Amino acid sequence: MSCLFSELLMLNSPPGLLGAFVWEPWDTWIIVLGAVAAMSCTLPGIWLVLRQQSMLGDALSHTALPGVIVTFLAAQWAISSGLVSPGAMAGFEPFLLAGGAILVGVLTAVLTESIQKLGRVEGSAALGVVFTSLFALGLLLVRLKADNVHIDPDCVLFGQLELAVWDTVSIFGFEVPKAVLTNLSLLIINGFLLALFFKELRLSAFDPELATSLGLNARLMNYILVAVTAVTVVMAFTSVGSILVVAILIVPAACGWLSCDRLGWMIAVSLVIAAASAVTGHILAKTLPGVIASAAGLTGVQDASTPGMMAVACGLFFLLIYLFSPRHGIVSRWLGNLSLVCRMSSDDVLAALYRFEEPPVDREPTVANVRHASAWIGPVIWKYTIWRLRRLGWITVGPTLQLTPTGKIRAAEVVRGHRLWESYLFKNFQLGDAQLHGSADRVEHYLNQDLRTQLEAELDSPQVDPHGKAIPPS
Numbered sequence: 001m002s003c004l005f006s007e008l009l010m011l012n013s014p015p016g017l018l019g020a021f022v023w024e025p026w027d028t029w030i031i032v033l034g035a036v037a038a039m040s041c042t043l044p045g046i047w048l049v050l051r052q053q054s055m056l057g058d059a060l061s062h063t064a065l066p067g068v069i070v071t072f073l074a075a076q077w078a079i080s081s082g083l084v085s086p087g088a089m090a091g092f093e094p095f096l097l098a099g100g101a102i103l104v105g106v107l108t109a110v111l112t113e114s115i116q117k118l119g120r121v122e123g124s125a126a127l128g129v130v131f132t133s134l135f136a137l138g139l140l141l142v143r144l145k146a147d148n149v150h151i152d153p154d155c156v157l158f159g160q161l162e163l164a165v166w167d168t169v170s171i172f173g174f175e176v177p178k179a180v181l182t183n184l185s186l187l188i189i190n191g192f193l194l195a196l197f198f199k200e201l202r203l204s205a206f207d208p209e210l211a212t213s214l215g216l217n218a219r220l221m222n223y224i225l226v227a228v229t230a231v232t233v234v235m236a237f238t239s240v241g242s243i244l245v246v247a248i249l250i251v252p253a254a255c256g257w258l259s260c261d262r263l264g265w266m267i268a269v270s271l272v273i274a275a276a277s278a279v280t281g282h283i284l285a286k287t288l289p290g291v292i293a294s295a296a297g298l299t300g301v302q303d304a305s306t307p308g309m310m311a312v313a314c315g316l317f318f319l320l321i322y323l324f325s326p327r328h329g330i331v332s333r334w335l336g337n338l339s340l341v342c343r344m345s346s347d348d349v350l351a352a353l354y355r356f357e358e359p360p361v362d363r364e365p366t367v368a369n370v371r372h373a374s375a376w377i378g379p380v381i382w383k384y385t386i387w388r389l390r391r392l393g394w395i396t397v398g399p400t401l402q403l404t405p406t407g408k409i410r411a412a413e414v415v416r417g418h419r420l421w422e423s424y425l426f427k428n429f430q431l432g433d434a435q436l437h438g439s440a441d442r443v444e445h446y447l448n449q450d451l452r453t454q455l456e457a458e459l460d461s462p463q464v465d466p467h468g469k470a471i472p473p474s
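The sequence shown begins at 1 in our numbering and counts up one residue at a time.
Hints should not be assumed to be uniformly reliable.
[Claimed, not checked] Pairwise CB distance ranges (calculated):
id: 1; residue 1: Asn448; residue 2: Thr366; range: 42 to 48 Å
id: 2; residue 1: Leu338; residue 2: Gly264; range: 57 to 63 Å
id: 3; residue 1: Ala195; residue 2: Asn448; range: 37 to 43 Å
id: 4; residue 1: Gly128; residue 2: Asn428; range: 50 to 56 Å
id: 5; residue 1: Pro326; residue 2: Trp382; range: 26 to 32 Å
id: 6; residue 1: Leu338; residue 2: Glu458; range: 55 to 61 Å
id: 7; residue 1: Lys383; residue 2: Thr212; range: 57 to 63 Å
id: 8; residue 1: Ala470; residue 2: Arg202; range: 51 to 57 Å
id: 9; residue 1: Ala125; residue 2: Leu298; range: 41 to 47 Å
These are computed hints drawn from the structure, not numbers from a lab.
Everything numeric in this text was worked out from a predicted model, so none of it was measured.
Just so you know, even glycine gets a beta-carbon here, dropped at the ideal spot from N, CA and C.
Given only the sequences and the hints, what does the whole structure look like? Please build it.
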């Protein structure tokens, strides 16, 4: 499988990009470990994003330090007292870390709520006070009680994903990294808890007041979420480091939130992006530094840190979705607004040509006269509008602009909606002429056939608008 993946990657890549790329068996385990850790962190991260508590993940990554130190000191005390042998304690280490993480995670949530209520400050300010204080306490404990323990910043902050795959255990004759088993267990547990408490989590995330009124303890659900997040974060530290944990905790969930309006799809998209970030990050770590160094004339640069490039991949995915998400992306919204402007300009030109043909005919529908009647349309949009209307076969262009038979049908629909809306406002609100026309000028673009029929039925099929102009028949 590893060799096949390497060959496919070589065949489908530009020449020179992967010239020195060699796919080894441990590369597969690195991607598996990164993907499993990312997905296990993403599951609680989804609910943090929905609750607008994204910074809580960063806070837990800091406040976990005193919990880790306290559990470590408790373990050392138990060994020195002869209560537990060093070998047996090694088997209990994950459970001790989980217990310390739960304790400090719940303590973080309780202290944050207490400071927010008693100090009457914002939640973000209270969270900042708590996580900086607990992190400082953890550093103090390290200095006072555990000064003989070497804490490598590369391990704790940046992670050693590439080295974690070498600590293996034999299962049915296959060497499997312990970190993969740990993070896979977390993924299964988090997925089980998500399925078990999905209704409660959804209700307390979107409407905690309603959840409380229905007998669901929203605060308890918050504490459970914090505890699960804390355990997941601490367990992922040893594999990928806290900086990457913060990224994979929030960024895939934010991508899912920007991509979808349905919770189920948001969860699925978030998990896919989390896994894709692991694959993309490792491939970039093995290939991109060498390409950049070669272009810059540097030698000896081969690869980069996989956790760091995974964070970069997360950022790239977020940037792409932030720009091109179908409903919420900046570029997509800009294109949508541009399409709306073009449709409105087309409607206004058609309506202006229709009015030019109504009696009394006192002006010719020249380009200048039609532009004057649609003065808000800019020169670029005007040129596109005329091109579009000609392409649709709705107008002909010569010395004057003329409606075709099909164009006249569409123009009559626009004018009909305009005058029906004016009649509706005049009947119900008795507005002035300027207000009637200004409102109808905007609403006419959103009135479809069904709405026009409903307006006509409510107004008893009027023949003229408040200005005495005939309303085109349907």
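Violated hints, by number in ascending order, as checked against the structure: 1, 2, 6
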